[in-house]
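4 protein chains.
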Amino acid sequence: MKAAIIGTTGYGGAELIRILHSHPLFTIKSVHTTRDEVPVWNEYPHLFNIMENKLEQINPEKIAKECDIVFFATPTGVSGKLVQEFVDKEIQMVDLSGDLRLRNTDDYQKWYKKEPVSAELVNSFVYGLSEWNKENIATSKRISNPGCYPTATLLGLAPVVKENMILPNSIIVDAKSGISGAGRSPSRANMFAEMSENFKIYKVNQHQHIPEIEQQLTDWNSEMQAITFSTHLLPTSRGIMATIYATLNKSVTNEQMHELYTEMYKNSPFVRVRPLHTYPSIKEVTGSNYCDIGINVDERTGRLTIVSVIDNLMKGAAGQAIQNANVMNGYEETTGLQFLPLYP
Amino acid sequence: MKAAIIGTTGYGGAELIRILHSHPLFTIKSVHTTRDEVPVWNEYPHLFNIMENKLEQINPEKIAKECDIVFFATPTGVSGKLVQEFVDKEIQMVDLSGDLRLRNTDDYQKWYKKEPVSAELVNSFVYGLSEWNKENIATSKRISNPGCYPTATLLGLAPVVKENMILPNSIIVDAKSGISGAGRSPSRANMFAEMSENFKIYKVNQHQHIPEIEQQLTDWNSEMQAITFSTHLLPTSRGIMATIYATLNKSVTNEQMHELYTEMYKNSPFVRVRPLHTYPSIKEVTGSNYCDIGINVDERTGRLTIVSVIDNLMKGAAGQAIQNANVMNGYEETTGLQFLPLYP
Amino acid sequence: MKAAIIGTTGYGGAELIRILHSHPLFTIKSVHTTRDEVPVWNEYPHLFNIMENKLEQINPEKIAKECDIVFFATPTGVSGKLVQEFVDKEIQMVDLSGDLRLRNTDDYQKWYKKEPVSAELVNSFVYGLSEWNKENIATSKRISNPGCYPTATLLGLAPVVKENMILPNSIIVDAKSGISGAGRSPSRANMFAEMSENFKIYKVNQHQHIPEIEQQLTDWNSEMQAITFSTHLLPTSRGIMATIYATLNKSVTNEQMHELYTEMYKNSPFVRVRPLHTYPSIKEVTGSNYCDIGINVDERTGRLTIVSVIDNLMKGAAGQAIQNANVMNGYEETTGLQFLPLYP
Amino acid sequence: MKAAIIGTTGYGGAELIRILHSHPLFTIKSVHTTRDEVPVWNEYPHLFNIMENKLEQINPEKIAKECDIVFFATPTGVSGKLVQEFVDKEIQMVDLSGDLRLRNTDDYQKWYKKEPVSAELVNSFVYGLSEWNKENIATSKRISNPGCYPTATLLGLAPVVKENMILPNSIIVDAKSGISGAGRSPSRANMFAEMSENFKIYKVNQHQHIPEIEQQLTDWNSEMQAITFSTHLLPTSRGIMATIYATLNKSVTNEQMHELYTEMYKNSPFVRVRPLHTYPSIKEVTGSNYCDIGINVDERTGRLTIVSVIDNLMKGAAGQAIQNANVMNGYEETTGLQFLPLYP
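These protein sequence lines map, in sequence, to chains A, B, C and D. All residue numbers for the first sequence refer to our numbering, where the first residue is 589 and numbers rise by one. All residue numbers for the second sequence refer to our numbering, where the first residue is 589 and numbers rise by one. All residue numbers for the third sequence refer to our numbering, where the first residue is 589 and numbers rise by one. All residue numbers for the fourth sequence refer to our numbering, where the first residue is 589 and numbers rise by one.
Next comes chain A alone, as it looks inside the complex (with noise of 0.2 Å):
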């Protein structure tokens, strides 16, 4: 299958190529920009003698006639409208941003704090964590892909969410991310001189990512509450770590609530539940599309902390969306995808 990438400059674009490059059933045919059309490598020089292409402007009518599938790596904002461009055209489309994300459109417009596009051509996309909604994936055209919070939150959550082991109000997410999750656009507060031996927190209990969250909680389980959700970036440049706490409304043992976990994510090659007692650190799982647990239950306090552990640009971006294009399409869901993580 042919595949264009709309949005290259970009860390997730970046990764897109370099997933592609070596998948054996999608070929880059045309990778695109608004910006100068210069070759891939002005932007990316570790792209030198390996990807000749140049970066094109976007037009929907060439890249739908040669291309069979879209992949939007443009920011929230950009997405929504650059995909109804595309609408009405035979491609596969599947969107990065969080502009087709959320069935409501006034919690976009809350949240976001843009216009958002209408709740009809967000109801025409399929909401794509492969791992918990597999069967939509494979039978849609389109997919909306997961932010990368809620990718870790969710997979980290959904166990004990599904089978209602936890009080509905006692969710808080305390989640740590490395620094390309805030994108290649150069601000103040993503210099290394700022960064570097820092730590911050922002967005407290304001960041976008909160009704996605509890879009897919309340999903799962409709008793679900508002959570509290606090993110923090860590001087790295890949990695997201959600450490989640909730209240657990009846005992469990760990071993009981290991048992589940395994259990529960025994078909699903991407995510790996750590021994009891251990825990996975972000480096652990740097360049590949892993997302992985460790879990803890407190007797003295009766909560449950859940670690959950992924790389940004793989399984919160750009991994995650090859595999929904390989779901979708059919194929092995790890095909292209088994790159163990890059490790020191």
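Treat the hints with care, as some may be off.
It does not matter which identical chain is meant; a pair holds if it fits inside one copy or across any two.
To be verified - Below, in silico cross-link-like pairs of lysine to aspartate or glutamate (EDC-like), each with a Cα-Cα straight-line distance of 16 Å or less:
hint	residue 1	residue 2
1	K791	D886
2	K669	E708
3	K791	E887
4	K650	E673
5	K642	E802
6	K722	D676
7	K642	E678
8	K590	E678
9	K838	E887
10	K590	D656
11	K677	E649
I should point out that these hints are in silico values taken from the structure, not numbers from a laboratory.
Starting from the known structure of chain A, arrange chains B, C and D on it as the hints suggest.
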């Protein structure tokens, strides 16, 4: 006054040297170790030409005779034994280890998994959380300096715990620390290649600082219950952020909460309550003795988020030790501690 | 004495504040910018509660009236113009930019690719390499502060160039700098995600500090010829190491060379010549005004290797500026500069 | 083909696993250590659920019987002894240590300060600088894999040394390496708190890679003389940059020099000669087997600057080892090595 430092080769000891070297009222008389008797700058080349003292063996008689105050920057398990050799002498003591903090020696045994010193010895030391125990410190000659995590956590929680504004079983502390907190003994866990671009969680609900925090919380408010406490390792040398969550027991606005914190710390020169809707990051206190606090009340969940930030080697160790030594001797508490943060 | 700082929002300006805030003989009277008139801590939250000054516009009349000395921490190209508004006033000036260093204005034009100020104006400023130009500094009212790379390079080379011990065309400087040297304006090049785990070479044989270094070298020894000069970016906030290579013009032992360096810097409190066979690393001077030097004579090749290390914001900028201001006013040169390195 | 890896717990061994795990023509049959027989993922949690092999003791009989090729990722001093237990067996060997590189065993003794193996054994191994020794590698069964610094340095110097374009005594190599090059044994020097925000020089003109480089240079051009060689530690996990200086023996333009390099590496898929006036940085090859080269001729000094960049664990160790194994077995040299750099 003449000071001796025992345990000079660790990071806490080095930080004591940095402060005392320019302190107007204390002079470093001698530095001690159980290792080789080499010049300090053999261990710490940054002190070359600055400090010509040789490291000396620990001779309690000589130290007590020549010095007015001794700082123990020795590891937990070592301090307790050493301190006993000084109890019959006329010398002020400030201990930075965990050996003399827990009045309940069973707690010590349970959480530290070591033999405790006697309760009597522990009780002869005053807990040196400077901001909240100033009167006792001022009249004591023996200080047990708080742990780094407890300092950040307790300064963050004091106002709402003392004012009884939160549900007693609702406290969750998600703490993150730079690696110097793990000391200067090499191990795989603190290697650069293992920690760069990494972020780890460790000792989930098992950290030995839990009973220290709970002891102080119940001293302040006897209704307080067990806390949930997670510790993480940041890829930084210094810095602690405690992100603290608690459920309010009544409706409070952000403005009221901010007013409370500002009021309660108005006479504490080292606690900076940040303006509403802004939050401190760890680099903003690096090298200084500040504890910076930001707060957020979330109306959606009725939960309070407290962000408390310190330099673990300063306010979390050596800085607070000197602050206590100042108070103990009737000096202005900021004497010799007015380092501005080193930024960037 | 009352001081004004112009260009406060860059890292050099912030470092001037850090030093002057606790300097016993200078007081910060006002801080200036061309940007918004906000409190300094809006730009630098680490100064919250420490410095309440508002940033002010640049009013030369007012500044000259209220202050005794003005520090220009403004960018090259800006300083030169600003300085001209102060030349007819009674105020001491210390400029940290490259605008007033090159006596040959053609060199300025060639290497900086900007319009030079007049040679007359340049010549009214004294080059502030404190260790080697003290007498001129002491009798001047206008100092042009050396660049960061020139400071490290020239202090490393001075003994062998002045003593005429190396082949005149043999100097190679391989210099490495932390990222704060590139200023506080965000650009792709200084983003965290681009620089973490990275190391770059830039401006190979093109750096604008080359003529500054060569000017001083030929002042010391007219036989000196063009140097080879490479600059690299380290994934650190601070620090410069210049590794300098030169061919000896006669046989010299390591011991003789070490003796020479020790002798020539015996009266320079900020230059620490390290013991033979040991070498400084950049973190060993962080936050301090030291320049640390190590040397090695290689018998196999007859070449000398010099390792010269500074904190680029201190000895390479603000620290040396204050050192010069001290000398200019007859104060002890170390006044207000006795910061120990912050380690780790 | 079936492969055994000996010395699996170091970073080089882990990188061999990463490559061989997805190599189409080699299968990992067994992994060996002298430590405990635990699953590999006990040592490397990132391999959890990926590689279930247990670490095994080193049994040469069994290995030779079950495997076609053995990779020694063991330390210098260990490899030499181990290899001797395999010399009488029918098995291909690739050694990554320094034990089998120096034909002059006196050099080994002088620079490594250890007992050398016999010259005969050394001579039975072919030096595996893949790009320049392909014919010998193709007909050998025993490869001594080059050191990391020599790989970067020699690939950078080969064109001008072979073409006799530089003065024989003019080579200066200023090399910088990430910390993984120092191995996975904890020491104070490789602790995070010691290396973060740091940059060190070490083994000035003493590094054991000097004779290895000089041996190859004089093989290429017998006039070449001793080199000046400095090694530095970067605060990064991976990556080497060698900045190399040499004086041209005649006038050459940048264009001519660039043409020469491009021509000489036109058939080397892993060497990327960068466009004139651009230079590679280390992160642009991270995780890949590329060696990227940039060159600059300085007319002012008649000197050539060469910038050569590799990932020390890939082209500097495991990557080149597999490249050699490919060549030795008649496979395409890029087989299983087409990793794109991981960026950012």
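Could you place K669 and E708 in one of the four classes (within, between, both, neither) given a Cα distance threshold of 16 Å?
within (14 Å within a copy, 59 Å between copies)
When no copy is named, should K838 and E887 be tagged within, between, both, or neither for a Cα gap of at most 16 Å?
Close inside one copy (11 Å), not across copies (27 Å); limit 16 Å.
Pop the pair K590 and E678 into one bin, within, between, both or neither, using alpha-carbon distances up to 16 Å.
This pair counts as within: shortest intra-copy Cα distance 13 Å, inter-copy 47 Å.
For the identical chains here, do K791 and E887 meet the 16 Å Cα criterion within one copy, between copies, both, or neither?
between (32 Å within a copy, 15 Å between copies)
Could you figure out if K791 and D886 sit no more than 16 Å apart (CA to CA) within one copy, between two copies, both or neither?
between (29 Å within a copy, 12 Å between copies)
For the identical chains here, do K590 and D656 meet the 16 Å Cα criterion within one copy, between copies, both, or neither?
within (5 Å within a copy, 40 Å between copies)
Treating 16 Å as the Cα threshold, decide for K650 and E673: within, between, both or neither.
within (12 Å within a copy, 59 Å between copies)
Tell me, please, which holds for K642 and E802 at an alpha-carbon limit of 16 Å: within, between, both or neither?
Neither: 41 Å inside a chain and 42 Å across chains, both beyond 16 Å.
With identical chains treated as interchangeable, where does the CA-CA distance between K722 and D676 reach 16 Å or less: within a copy, between copies, both, or neither?
neither (25 Å within a copy, 55 Å between copies)
Is the C-alpha distance from K642 to E678 at most 16 Å within one copy, between copies, in both cases, or in neither?
This pair counts as neither: shortest intra-copy Cα distance 24 Å, inter-copy 50 Å.
With identical chains, the pair K677 and E649 could be close in the same copy or across copies; at 16 Å between alpha carbons, which is it: within, between, both, or neither?
within (8 Å within a copy, 64 Å between copies)
Figure legend: structure checked against the earlier numbered hints; hints not met, in rising order: 5, 6 and 7.
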